[in-house]
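There are 2 protein chains.
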Amino acid sequence: MKTLVISALGLALVGAAHGQAVRPTSPDEQAVRQVLAGTVEAWNQHDTGRYFSYFAPEAQWVNVVGMWWHNVAEHRYALDIFMQVMFNKTTHTVLREEVKMLRPDLALVRHHWKLDGWVMPDGRDMSAVSTGVMTMLMEKRNNKWLVIDGQNTSIDKQAVDPVLTMKK
Amino acid sequence: MKTLVISALGLALVGAAHGQAVRPTSPDEQAVRQVLAGTVEAWNQHDTGRYFSYFAPEAQWVNVVGMWWHNVAEHRYALDIFMQVMFNKTTHTVLREEVKMLRPDLALVRHHWKLDGWVMPDGRDMSAVSTGVMTMLMEKRNNKWLVIDGQNTSIDKQAVDPVLTMKK
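If you read the sequences in order, they're chains P and L. For the first sequence, the numbering used here begins at 36 and goes up steadily by one. For the second sequence, the numbering used here begins at 36 and goes up steadily by one.
You may find that some hints are simply not true.
The list treats identical chains as interchangeable, and a pair is accepted whether it falls inside one copy or across any two copies.
As the list claims (entries may be wrong) - When the alpha-carbon atoms are kept at most 30 Å apart in a straight line, the in silico DSSO-like pairs for lysine-lysine are as follows:
{"hint": "1", "residue 1": "202", "residue 2": "124"}
{"hint": "2", "residue 1": "175", "residue 2": "192"}
{"hint": "3", "residue 1": "192", "residue 2": "124"}
{"hint": "4", "residue 1": "149", "residue 2": "192"}
{"hint": "5", "residue 1": "149", "residue 2": "175"}
{"hint": "6", "residue 1": "192", "residue 2": "179"}
Source of the hints: derived by calculation from the structure; they are not laboratory data. This one's a predicted model, so the numbers in the text were calculated from it and none came from an experiment.
My request is simple: use the sequences and hints to build the entire structure.
What follows is the structure, given as structure tokens:
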């Protein structure tokens with residue numbers, strides 16, 4: 036997508052590319068982005084305790100291979116294993132992020148990511164194929180933003196998006 | 036997951052399996068489920084006009100291969116093509132659905148699906164591998180529920196979910 040090219044110039048410009056007015060982000064929008072940044076830092080430290088400190092206990096999650104976890108207990112049980120056996124050397128990078136404030140206390144946070152250093156237990160290096168789109172729903176509770184739901188999808192680099200050549 | 040086995044017995048029982056009280060669904064919950072059912076019917080008629088009548092114009096969508104569309108115009112442009120070249124004989128079936136009312140006018144609708152009859156333009160039959168988890172966010176506007184965001188993820192049948200053998 037065109038906007039990917041300019042993502043390094045900042046999110047305000049990405050907004051502009053979509054025809055929206057450039058505006059300063061609100062404190063809540065900043066807080067929401069900090070939650071995303073916090074989960075990414077925690078992931079890159081391979082610290083699941085910190086990672087899930089950003090989650091509400093009942094948050095559901097769908098991971099990149101379609102596992103549907105119904106709460107943080109399930110999600111953490113699985114991630115603690117995966118973090119040991121295949122994600123222990125990974126670095127997650129946010130390539131582009133977008134925030135939509137659905138309500139003053141509810142935000143949709145979507146980002147395009149890449150994951151470096153992913154090696155499967157059988158030795159296969161997954162880094163080259165590992166990009167995706169993650170969506171988090173966040174809610175403000177007692178003045179703190181928490182992830183209350185999320186879903187992740189891998190990008191199939193072989194699949195060609197017709198929208199890339201759509202006349203707009 | 037255990038609850039999949041009993042999904043045919045009805046959603047009330049699935050709720051019970053997760054330790055929730057069995058309760059009658061509200062009119063809004065029923066309306067939300069009807070929107071999902073409507074999109075599925077429209078898909079199975081391969082009628083994208085009807086399909087997108089359930090969507091708000093600005094609804095974003097992430098499809099199973101990680102294409103991130105920023106509104107219905109993009110989503111429809113792509114789906115009109117895909118519906119012709121690979122989904123024209125498909126049947127989408129809801130295997131299990133769950134609704135979480137986030138607000139009186141905002142609902143999270145997630146379902147586990149299978150897609151039969153998916154044949155790629157090069158002749159490859161994708162039916163056997165085609166299952167996934169789809170999430171829709173719906174909002175009630177002027178007394179009508181609309182899809183305002185969504186994401187879809189394919190299930191990798193080779194991936195083993197540790198939660199299946201988690202002691203609960």
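Taking each numbered hint in turn, which are not upheld by the structure, reported in ascending numerical order? Failing hints, ascending: 2 and 6.
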